[in-house]
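Asker: From first to last, the protein sequence lines are chains A and B. Read in order, the letters of the first sequence correspond to residues 542 to 752 in the numbering used here. Read in order, the letters of the second sequence correspond to residues 5 to 366 in the numbering used here.
Simulated from the structure, these hints should not be mistaken for laboratory data. Built from N, CA and C at the ideal position, the CB exists for glycine as well. It is possible that some hints are incorrect.
[As the list claims (entries may be wrong)] Some but not every residue of chain B turned toward chain A, in silico, with C-beta under 7 Å:
# : residue
1 : His14
2 : Leu66
3 : Pro75
4 : Phe108
5 : Leu111
6 : Asp115
7 : Gly118
8 : Leu120
[Unchecked claim] Residues from chain A that face chain B, not an exhaustive set, calculated with beta carbons under 8 Å:
#  : residue
9  : Ala598
10 : Leu617
11 : Met632
12 : Leu690
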Amino acid sequence: MVSTAEVLNCTTHEPLPVQDRSGATHCYNCIIESMQIQAYNLARRMLEDWSLAEDAAQESFVSGYRAFHQFRGNNLKAWVMRIVANTCKDMLRSRRARPTVPLDPISSDPDDPTAPPSAVDLPSSEESPEAYAEREELARIIQSGLASLPEEQRLAVLLVDVQGMDYEEAAATMHCSLGTVKSRLSRGRGRMKDYLRNTGELLPDLFRQEV
Amino acid sequence: MLIFKRGHTHINQDDLSEYLDGRLSGTAAARIDLRLTECASCRRDLDALRSTVSLLQQMPELTLPRSFIMPGPPPAPVALRPPAPLRMPQWVYSGAAATAALVFAILVSADATGLLAPKLTAQPEVTAQALRAAPESFQQEDRDGAARAIEMAAPQAPVVNEAISAEKGLNIAVTRETEVAEAEAVAPTLRQAAVPPQTAAKVEAPADTSASAPVAAMAAPEMEKAVESKLALPPPVAAMATTEVEEVATSEVARPQPEAAMSALAVEEGVKAKSVPLTPEVAMAAAKADESAKMKADSTPSIIALTTPQRPPEPTTVAQDSPTGIPPPYNPINIWRVLEGLAAVTAVGFLVVWILRRRAGR
């Protein structure tokens, strides 16, 4: 949040003054600058077909600009993230109504429970390309695990575990009670745990290390 | 895997999740700690959960494909969605379609069972209503005319009957009212029909009612035939025919006999002029003729009924026919037809909108 004077002194971008409900002036581009990475990441994790994430983030910022006069001036992050989450939900809903073939191939994931352990499974790979490949593989598995969660549980997990919000902030973002956040989060985590346990070749290893 | 220790229940998922986040109060956390020490399964659960959460937390932050900084205020939203009244929930449209269809079905079935058909007993009321709608002066004038007509009609009952029998020819002309040429073709028969009154009058020249009775009895079947043929016609056409004939009858009765032929020619002219659409004046004339017809129906049978027992059905048929003299907009049955049509159109309309909305929503 910046003062009017700072709005006029924006150097990295065009100043885009907006007024919140109390009449205080903000530079909307400053808000975008501070929020866009989180917004884009949330959108990309929420939408299974993450090619839409860019559109979702863009649309969220535009609708945020138009609705900014409703912003009460507290917890900007929760306010912006709520818009992003709602935009993503709308997109998911409209895509459910008009199913399309996803652009990203997730072909190797669904048959993982029956698939034999792959070469990535081999321990002690200190070479960076292999480690990178593992990280990529892990990230892909986690992403498809998230995609298997119900929408609200996925949002709770993303906000608390991935975005690092506390329960209160997540409740404000999801516009629900603290208890709801807790139950959605624990169920989402539980499902993720089961998914990773059943799916990932790397995970038993990690689990053992943790233990 | 499970530890069957008496009194031990595994820590539920919500508590475990909260414990992991360090959000449990001191006593609750201590209870979880205690359970974890005595239950390996719970420990494994917690470890698995912790690993999962740490994997989620370690997810790499994705880099932006581009900056979302806006070069300027975004343009005003384009109204891609239809305006609010057209964006009701889908059940509104389906419900409205169903309701309209139900109304349509009820109206049609009520109509089919004859519930909406005007009853015979109700018809004098309808006629009376239509007459009340006419201006007072008009009615008064008409009553005077009708009274005079009755006075004249008493000795000239045969002439009246003959004139009504001319109705048949006139009806044919009226059914083809849009074709003036054909109406003219029928005109000769009208002229022929107009001759008998003269001849009948010459032969009879009635002085009292008893003398005219046989002729009236002879004319009765013809008259009934005429009335029947009139009934067979579509109501509006029959209505027009009635008014026309009534006018002829009145004028012929009111005038001396030699003028009857001339008035028949006037009818011919009237037939030519029939292609003129129904105007308020015509509607008034219809009401007027109706009144006089009713008066006649009341008077002439009373004369004839003295001698001819087969006459009594006649007044009822005339009475049944007279409401058709009301112009179509006042006819109650047409209102029901219009309502049926409206209900059907509404049902189909809402059905179409509902289907379109469903397709758009998909």
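Asker: List, from low to high, the hint numbers that the structure doesn't satisfy.
Answerer: 1, 4, 5, 6, 7, 8, 10, 11 and 12
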